[in-house]
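Heads up: the protein sequence lines correspond to chains X and Y, in order.
All residue numbers for the first sequence refer to the working numbering, where the first residue is 1 and numbers rise by one.
All residue numbers for the second sequence refer to the working numbering, where the first residue is 1 and numbers rise by one.
Rather than coming from a laboratory, the hints here were simulated on the basis of the structure.
Among these hints, one or two may not hold up.
As the list claims (entries may be wrong) - Below, simulated DSS-like cross-link-like pairs (lysine-lysine); rule was C-alpha separation at most 25 angstroms, straight line: (1) K46/Y with K115/X; (2) K46/Y with K26/Y; (3) K26/Y with K36/Y; (4) K36/Y with K115/X; (5) K16/X with K75/X; (6) K2/Y with K115/X; (7) K154/X with K26/Y; (8) K199/X with K46/Y; (9) K36/Y with K154/X.
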Amino acid sequence: MILIMRFPEIESHLKKFRAGIAGAGGLGSNCAVALARSGIGTLVIADFDVVEPANLNRQYYFADQTGLLKTDALKETISRINPGVSIITCNLKLDESNITEVFAGCDVIVEAFDKKEMKVMLIETVLSEIPGVPLVVGSGLAGYGSNETIRSRKIDDTLYVCGDEATTADDDLPPMAPRVGIVANMQANTVIEILMQRK
Amino acid sequence: MKILLNNREEEFAEETMSVTRMIELKKFSFRMRVIKINGTLIPREKYDTAIIRDRDNVQMLYLMSGG
Chain X
1 MILIMRFPEI
11 ESHLKKFRAG
21 IAGAGGLGSN
31 CAVALARSGI
41 GTLVIADFDV
51 VEPANLNRQY
61 YFADQTGLLK
71 TDALKETISR
81 INPGVSIITC
91 NLKLDESNIT
101 EVFAGCDVIV
111 EAFDKKEMKV
121 MLIETVLSEI
131 PGVPLVVGSG
141 LAGYGSNETI
151 RSRKIDDTLY
161 VCGDEATTAD
171 DDLPPMAPRV
181 GIVANMQANT
191 VIEILMQRK
Chain Y
1 MKILLNNREE
11 EFAEETMSVT
21 RMIELKKFSF
31 RMRVIKINGT
41 LIPREKYDTA
51 IIRDRDNVQM
61 LYLMSGG
């Protein structure tokens, strides 16, 4: 259901909420920026990696940020876009032992990892350790073209998936800005839809 | 039995079956997946022992690398 609302009202509603971003690569960086522009109150961004030249084909970083921690670079970029967003950065590799603590207090969590094994690990950990917190997963975004195969599905109130659920990124089917950006923005759009239904 | 598999009704000759058996019967390829039965997550190590029954709601999603 879409209620008619002016942007300042949407923005002030979203300001009450905290979203967790698990991974600050192509999905996480683009999703975080879309949520920041929309007025999310707080972002918890977790990643251990540094910005590399090869990331710039799809991730929301700049050439002059090469070598910086992704969390620090993204925090700087978001503060330039919307200084009203509170940003909590966690420079660590997420695993079963720290996910609950890192994302404690989040109203929704965005799964934005690269590797499928990590995606499953996060889903299993969130659903078992912090049940009830909606998780928005990205799955299947490699290559270019085929707009019509990208979709968004609600599994249930705590699990949503965006992507084609079919393509695997590798050397012959690289992840690229358009499809990664589409899925990342679908994830952000889903987060907003979830939060706008909250009181 | 009849089950709902990703919101579509599917019929199987079996009265009950394990998750592993359903994957075999449906000839699903080996991929990284998450399965929920009636809203409960089934961890990978329980695919042989978790039982699907008549009228169960089975949800499956595939996890593909890339991000």
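Right, here's what the structure says about each hint:
no.: 1; hint: K46/Y with K115/X; result: holds (22 angstroms)
no.: 2; hint: K46/Y with K26/Y; result: holds (18 angstroms)
no.: 3; hint: K26/Y with K36/Y; result: holds (16 angstroms)
no.: 4; hint: K36/Y with K115/X; result: holds (21 angstroms)
no.: 5; hint: K16/X with K75/X; result: holds (19 angstroms)
no.: 6; hint: K2/Y with K115/X; result: violated (34 angstroms)
no.: 7; hint: K154/X with K26/Y; result: holds (22 angstroms)
no.: 8; hint: K199/X with K46/Y; result: violated (37 angstroms)
no.: 9; hint: K36/Y with K154/X; result: holds (13 angstroms)
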